[in-house]
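Numbering of the sequence shown is given in our numbering, commencing with residue 1 and proceeding in unit increments.
No wet-lab data here; the hints were simulated from the structure.
Check the hints yourself; a few may be wrong.
[What the hints assert, rightly or not] Here are the simulated DSS-like pairs of lysine-lysine, each with C-alpha atoms no more than 27 Å apart in a straight line:
1) LYS195 to LYS169
2) LYS70 to LYS20
3) LYS197 to LYS183
4) LYS210 to LYS70
5) LYS123 to LYS107
6) LYS183 to LYS194
7) LYS169 to LYS123
8) LYS169 to LYS183
9) LYS2 to LYS20
10) LYS194 to LYS169
11) LYS183 to LYS163
12) LYS163 to LYS70
13) LYS163 to LYS194
14) LYS169 to LYS157
15) LYS210 to LYS123
16) LYS107 to LYS169
17) LYS157 to LYS183
[What the hints assert, rightly or not] Label pairs and their computed distance ranges (CB to CB):
18) SER3 to PRO182: 48 to 58 Å
19) ASN73 to GLU190: 26 to 36 Å
20) THR116 to ARG172: 34 to 44 Å
What you are looking at is a predicted structure, and each value in this text was computed from that prediction instead of being measured.
From the three backbone atoms N, C-alpha and C, an ideal C-beta is built for every residue, glycine too.
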Amino acid sequence: MKSHNVVIVDDHSLFADSLKLLVNEFDGFQVVSCLANGQELINYLADATIPDVVLLDINMPVLNGLSTMKWLNENSPEIKVLALSMDEQEETIISMLRHGAKGYLLKDIHPDELETALRNLIKNGYYYTEKVSDSLINSLNLPAEEVDSIQSSLNEKETMFLKLACTEKTYREIAEVMCLSPKTIDGYRESVFKKFKVGNRIGLVLHSIKNGLVSV
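Produce the complete structure using the sequences and hints provided.
Below you can see the structure in the form of structure tokens.
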């Protein structure tokens, strides 16, 4: 079995070392380096063999996870990045996925899910949690003609909501930009979710990226 090289980027050395031991127990995976921040990763990639997977923390000094993800998306898009963080804010997850992360896991996951995530990342190119996958199972399989039909059915306000929902803005901030009440925004949210057959905002973002409705 081919060994897939993994780089861990996390400023908490105790966590990183424990994660390294865990990943090295998975058949076919080998951690080749543990780095403390995004800048160290950039420096590492200048001289080292490009890894198959990067496990990337979000909140780090010097260069945080989002800034690192943006750099990787522009300079090394072939690297599969799995975000691994304690930050479960919807806006953070959306930011990472929009800038090229192929999955997002919380640090308190069971080791079995991490192994599943890594194997799916190598096999399919991405890994989404069950919560996200459930919201995508219908929308990601929509034929292109149906996607075009749904998009053309959106009115001007729904289209504007769709674009803003695929940013880091909160629903309250979206309401302010659109000069509407939060209750009205809730109505647009439910309408757009229903049309695209998704169950949550993250599903909407992933669907929009896949179908080219928003740019990354």
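Here is what the structure says about each hint:
no.: 1; hint: LYS195 to LYS169; verdict: 21 Å, holds
no.: 2; hint: LYS70 to LYS20; verdict: 24 Å, holds
no.: 3; hint: LYS197 to LYS183; verdict: 21 Å, holds
no.: 4; hint: LYS210 to LYS70; verdict: 18 Å, holds
no.: 5; hint: LYS123 to LYS107; verdict: 22 Å, holds
no.: 6; hint: LYS183 to LYS194; verdict: 17 Å, holds
no.: 7; hint: LYS169 to LYS123; verdict: 32 Å, violated
no.: 8; hint: LYS169 to LYS183; verdict: 16 Å, holds
no.: 9; hint: LYS2 to LYS20; verdict: 18 Å, holds
no.: 10; hint: LYS194 to LYS169; verdict: 21 Å, holds
no.: 11; hint: LYS183 to LYS163; verdict: 18 Å, holds
no.: 12; hint: LYS163 to LYS70; verdict: 19 Å, holds
no.: 13; hint: LYS163 to LYS194; verdict: 16 Å, holds
no.: 14; hint: LYS169 to LYS157; verdict: 16 Å, holds
no.: 15; hint: LYS210 to LYS123; verdict: 18 Å, holds
no.: 16; hint: LYS107 to LYS169; verdict: 24 Å, holds
no.: 17; hint: LYS157 to LYS183; verdict: 14 Å, holds
no.: 18; hint: SER3 to PRO182: 48 to 58 Å; verdict: 51 Å, holds
no.: 19; hint: ASN73 to GLU190: 26 to 36 Å; verdict: 31 Å, holds
no.: 20; hint: THR116 to ARG172: 34 to 44 Å; verdict: 35 Å, holds
In summary, the one numbered hint that this structure violates is 7.
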